[in-house]
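4 protein chains.
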Amino acid sequence: MLSYFPHAAQKEIPLPYRAPGATQKTHDTFLSGKAIHYYRPKGSPEIRHLIDEGFQAFNAGRIGEACRIFADKMLLPEHDTTIGLTIAGALTPAGLGGCIIELMDRGLVDFVISTGANLYHDLHYALNFTLHRGSPFLDDRELYQEGVIRIYDVLFPATVLLETDAYVRDFLTRSRLNEAISTADFHYRLGRDLLERFPGCEEHSVLARAAVAGVPIYTSSPGDSSIGMNIAYHELMNGSRFMIDPNKDVNEICAIVQAGEKNGCVILGGGSPKNFYLQAQPTLWEVYGIPKGGNDYFIQFTTDQVVWGGLSGATPAEAVSWGKVNPGVLPDTVVAYVDSTIALPLFCEYVVGSPNGRRTRKELVHKREALVAALKREAERVRASDAAHATDDARTEV
Amino acid sequence: MLSYFPHAAQKEIPLPYRAPGATQKTHDTFLSGKAIHYYRPKGSPEIRHLIDEGFQAFNAGRIGEACRIFADKMLLPEHDTTIGLTIAGALTPAGLGGCIIELMDRGLVDFVISTGANLYHDLHYALNFTLHRGSPFLDDRELYQEGVIRIYDVLFPATVLLETDAYVRDFLTRSRLNEAISTADFHYRLGRDLLERFPGCEEHSVLARAAVAGVPIYTSSPGDSSIGMNIAYHELMNGSRFMIDPNKDVNEICAIVQAGEKNGCVILGGGSPKNFYLQAQPTLWEVYGIPKGGNDYFIQFTTDQVVWGGLSGATPAEAVSWGKVNPGVLPDTVVAYVDSTIALPLFCEYVVGSPNGRRTRKELVHKREALVAALKREAERVRASDAAHATDDARTEV
Amino acid sequence: MLSYFPHAAQKEIPLPYRAPGATQKTHDTFLSGKAIHYYRPKGSPEIRHLIDEGFQAFNAGRIGEACRIFADKMLLPEHDTTIGLTIAGALTPAGLGGCIIELMDRGLVDFVISTGANLYHDLHYALNFTLHRGSPFLDDRELYQEGVIRIYDVLFPATVLLETDAYVRDFLTRSRLNEAISTADFHYRLGRDLLERFPGCEEHSVLARAAVAGVPIYTSSPGDSSIGMNIAYHELMNGSRFMIDPNKDVNEICAIVQAGEKNGCVILGGGSPKNFYLQAQPTLWEVYGIPKGGNDYFIQFTTDQVVWGGLSGATPAEAVSWGKVNPGVLPDTVVAYVDSTIALPLFCEYVVGSPNGRRTRKELVHKREALVAALKREAERVRASDAAHATDDARTEV
Amino acid sequence: MLSYFPHAAQKEIPLPYRAPGATQKTHDTFLSGKAIHYYRPKGSPEIRHLIDEGFQAFNAGRIGEACRIFADKMLLPEHDTTIGLTIAGALTPAGLGGCIIELMDRGLVDFVISTGANLYHDLHYALNFTLHRGSPFLDDRELYQEGVIRIYDVLFPATVLLETDAYVRDFLTRSRLNEAISTADFHYRLGRDLLERFPGCEEHSVLARAAVAGVPIYTSSPGDSSIGMNIAYHELMNGSRFMIDPNKDVNEICAIVQAGEKNGCVILGGGSPKNFYLQAQPTLWEVYGIPKGGNDYFIQFTTDQVVWGGLSGATPAEAVSWGKVNPGVLPDTVVAYVDSTIALPLFCEYVVGSPNGRRTRKELVHKREALVAALKREAERVRASDAAHATDDARTEV
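Protein chains in written order, with the working numbering: chain Z, 1 to 398; chain F, 1001 to 1398; chain X, 2001 to 2398; chain A, 3001 to 3398.
If you're looking for bench data, these hints aren't it; they were derived computationally from the structure. It should be emphasised that the depicted structure is a prediction, and the values quoted were computed from it without experimental measurement. Mixed in with the good hints there might be a few duds.
[Claimed, not checked] Derived lysine-lysine pairs resembling DSS-like cross-links, with alpha carbons at most 25 Å apart:
1. K367(Z) <-> K292(Z)
2. K3073(A) <-> K42(Z)
3. K2034(X) <-> K1073(F)
4. K73(Z) <-> K3034(A)
5. K2073(X) <-> K1034(F)
6. K1042(F) <-> K2042(X)
7. K34(Z) <-> K3073(A)
8. K376(Z) <-> K324(Z)
[As the list claims (entries may be wrong)] Among the chain F residues that face chain A by a calculated CB cut under 8 Å, a handful are:
9. F1058
10. N1059
11. V1307
12. G1309
13. Y1337
Where is the CB? At the ideal position from N, CA and C, for every residue including glycine.
Generate coordinates for the entire structure from the input sequences, incorporating the hints supplied.
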């Protein structure tokens, strides 16, 4: 294991925020749970059978519907659906990265919008650190004393954070990045760096696999994660002019959606990534004046509820009034209320095992510039046409 | 009412995404509900009595605890707590902006982290558009046909979006902004513009009041709202070089927290704003090497649940293992599980009516540069000291 | 304080399930929280103002709607609505009994269906035992050692259970009850006994107040509480033939609903009491052949969700297909998603302060027999008429 | 299909609560979904692999823990655990009856506590009526007009209710039951009747299979379902003296738990059945004075939450303070937050495929009397011993 932080990790020097006297005894106990790995779905016929025959109603029925909408409609070759995947909630810490890797590798998702945290924690796997199965019922004051970090029931040493941070800062320095770019661009470069330095890591890293598969990965809240924290450090302490330009993200996603023959999404959780995906359609009609007609397919796994009124729980129906979802396709939308850690492996087993379980990859990461240029041309055409109409109107009114 | 979008609004030309034949009859019916206004809490003694005497257990008890922790501890003059407010969920559409205005005006919150959507919808009030009480059970296909937008049970014409967008784009052009700035800087300038063009609007606009009160307002997902969409348009179509620099946001918040005598927060909902606030402490110790010790107070109103494993539902205890919350203060943390639309007005009535219900405002919006400079100095001091130690270590090892 | 259990309580003999060596030191600490009392709503104008003006949307809006449907429609004298209140969740432990007392005293609810637990814990107040405000985050193994019982964040000594049980068994013996009766009958007799032995306890006991106000109280799961446990003991150990006859409960509730000019309900929580109320309408049409047309008003405060598919979360709309709710009245139905400990005091303040905040009491507890007789007559009339038709049909078919 | 209700079903006479003019056209459309059947788990190795290797954290991890606690500990032959299964939520309508049949047939659950609704809807399958997969988003006013009943997304004609009711009433008449019995006794007789009249129906009826396997089935709310409604009709209209005696249920369950070598439970949902199971331990120590020590194993699948404070969401830890759960076994308790329609089939596939996937059946339905007699003897022994001590104390005090 490489060590970007030899100071603390190798010499057992107390971490900056730890009480000096903390023993290491419990530390080992906390971390005695089985290592979490990236489980890869194989397309199990028995799981497909369960979903078709045993998941008949309520949320089990919804999972079945989601599987069939995805496998039988969204993946239908003649539909050529551009498929976005949004990720919120701690999925890579729970070992779900293997599902995402499989979907990208098979061309089943064309672009991804993720919270920064999922990408940051994906780096631990790429860098070969170990996260452990644990319990959500531990005493966090003891964990704190022992230098153990807890994500619900996932446990790992605080040094994993420090080492991962060190890698990110090292990459920033080496990359010589010094301007404003999109998150897709940044994550692609990060993925390439991982592939170079840790050959074979695309088997256990979403970022690395995305770079191989040409899948752009966006983050709606670029400052809101340890990756963003380290970029901010780089600006303040090293005088770098590298930054994320959120405008580029908005326009690239908008351009991807605009170019889609049909558009569909798989939304894990909700949160800011959900809205960042869905707002592409309103951006087109409301801001650029280009009516696109809304999403054609909409699949969400969530435990949030419509009655709490937040976007995470908002239904496909509500999205219709905003022009986010095509009003004619509500039958092709489905929300299953279930923890993604349960739903995603089941869903992926079904999808991977389906006749349409592999598509030619769109490799959109390399087409971003061309697509944005096309969006700009279309928006300029509309603007010119509107201006002409306005002149006509003015003339008529005289 | 000013109109930045005379084309569609005045001439009844069908909006780009509407069917031409849609009648206006139902439109009026949908919008016949009472206008939503910004309710201002006054410190009702009867509500204070209910909270102290009638809210004895379960989540009612938690609301009571939150009120007393805030009023009796966080606001205690000798604690001089730096208080952050984070906002997720559709609060300004529901008329909760009045509570936030009151808190800012009285110096009871020092900085705000909000989703972009809440700020965008706040603009409707500033621009004097009307949102209406409605129902969550309407047919969204009909709403779509009628050009009515629905946020759960809040209804308003789609033209409100178009007019508000037009104002934002007009402001961007007039402002001549052409570089990368923080969201606090941007929102402050937007607030000043509102105050100039719509005198008195600080009574019904969070953005305008924040500009008056010197409260910096941040957004963790700068591209993820109609404001971000319009900034992206400005870059693509007008060739502007104006953008949000997320690094500046990360460092400013970090610097504010670093400078706090004590730190505390009120978290409405959760989501990305919650993490953006909480990550300031890990940024300090994990990235800058400055141990700060975690938050001293933590109040959250949410309907998310810890067992779903997302950050929105994560408890103060879990935050301890990350160094986000001071392990010694768990008694001063509270999570009440209740819709913010219910909790916030009750909470504000209690707090406004308390003996500590007004503080001298910190006006942090004007101190951002100085605080970031102080953060940089401290981080450089730590870096130099670490380097010295490393040299010592190296020497010792020889 | 009377003691039905002098053995354990007065002599500090270890309770049967406690480790003998457990000290009493922590015991006092656990029970140091403020005593919980029955808060009585007074009709606060300031709270009414908040609900009308500040609760404008989302679940706050729903609370407002519930208040107005109840105060302005259900209580309208000309509607003479028969109003059922159902109670699930630990409301009497949380001090909500005062709200229920107030509603019964003012004639604002005509009958009640409650879980047995709420009635059992109401006895603690009647017997003058003290429950304390506490915390949900205690170590239950310590509580167990210390003989402290926890209901979420409400704490009291285990002796309170033993003493209350002793009172129930003493009452059963004294009452000489030796046959099968309805729960309404049983609870009425229990209430009369409380009034005789603890004069004035109707101010702090739902059971006692119900006996004064003539409000019948039903329990859908008669064996499922400590009251039911003690009745079962009485049968097994004392050879008593006293039992609850669930048939009588079904028929009495059915008869009350059948006699209602209009019918409406306030449902706290959901659970078995909710269904026990709602099934009265299907019992009428499906079993007795008497079409009644469904409920006219439906108010529910719950935190359960429709998407989990249980009855507690089922909407008024779903109840329409069962004939439980009149299909024409969906506008007069409302579900607010909020903890009852928050909603009920707010709701009661509004209702008590409304112009219709007092009605003549129906005192249905004394009319049960007459109403059941009327139900039987009507059902026999329908059966005779059906038989006549069947004979006609048979004849025609010949 | 037999018809107990020829009048309405065969002659298309409008049902009592239907508008006469309702057409049948939509009726067929609503009922065009696939028939729901009782899916039988087979012990799929692929599903077992997914659960062990892919379900690593969060609620997926909890499902894995539940599977392993059940298969590896509760079913261990030397533990001879007496296992109770409690059922709330609409599981038989969703086709989950096949899982329960499999568990009973294999001796993996020893007794069952269910809501009445699940047993009533189980009768539809026994009587060979068809329930259909549907949608939760239908217009319930249309369903009502068309005579279609909706349970969330499960649809069937209202005649199914009427026919099933007719069978229940016919059984009541034929059975000549005329006294008070326990629900286990009643459900056993009902199951025997089904087996006689519909040979082979134990493959698609929980009630019939339970009669074959000797598994007693209890209902905590005996009046609260269509079965209870029809028994009530039988008393009122036919003068029957048949009734459920809840005391017998309380004592039988108590006696079963008392006799258990070890005790454990699988709780689906929560609600009244959960408490009815858990209260057996407090009944023993609190009412009968027999310390049993609490449950040894506790598995729950639920979507309710601890923070709402109801019993359904109460944790194993909270149950410790009540003596419901053995304080030493918290590691052998687990709550997975997930819809039972998803969790139960997965859980059953795992358990059925495990090495301990079949046990000798305890056939407790035939041992109820003996167990209650044993309980009575033990309670009398304790009472006598207590009385002796009291006399001693009295003497000492003199």
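Verification of the hints:
1. K367(Z) <-> K292(Z): Status holds; Cα separation ~20 Å.
2. K3073(A) <-> K42(Z): Roughly 30 Å between the alpha carbons, so the hint for K3073(A) and K42(Z) is violated.
3. K2034(X) <-> K1073(F): Within the cut-off at roughly 19 Å; holds.
4. K73(Z) <-> K3034(A): Distance of about 19 Å is within 25 Å: holds.
5. K2073(X) <-> K1034(F): With a Cα-Cα distance of about 19 Å, the restraint between K2073(X) and K1034(F) holds, given a limit of 25 Å.
6. K1042(F) <-> K2042(X): Given pair K1042(F), K2042(X) holds - Cα atoms ~20 Å apart, limit 25 Å.
7. K34(Z) <-> K3073(A): 19 Å, holds
8. K376(Z) <-> K324(Z): Roughly 21 Å between the alpha carbons, so the hint for K376(Z) and K324(Z) holds.
9. F1058: Given a least distance of 4 Å, the restraint on F1058(F) holds.
10. N1059: Hint holds; N1059(F) Cβ to chain A Cβ min 7 Å, cut 8 Å.
11. V1307: 4 Å, holds
12. G1309: This interface hint holds because 4 Å falls under the 8 Å limit.
13. Y1337: Constraint on Y1337(F) satisfied, holds at 5 Å.
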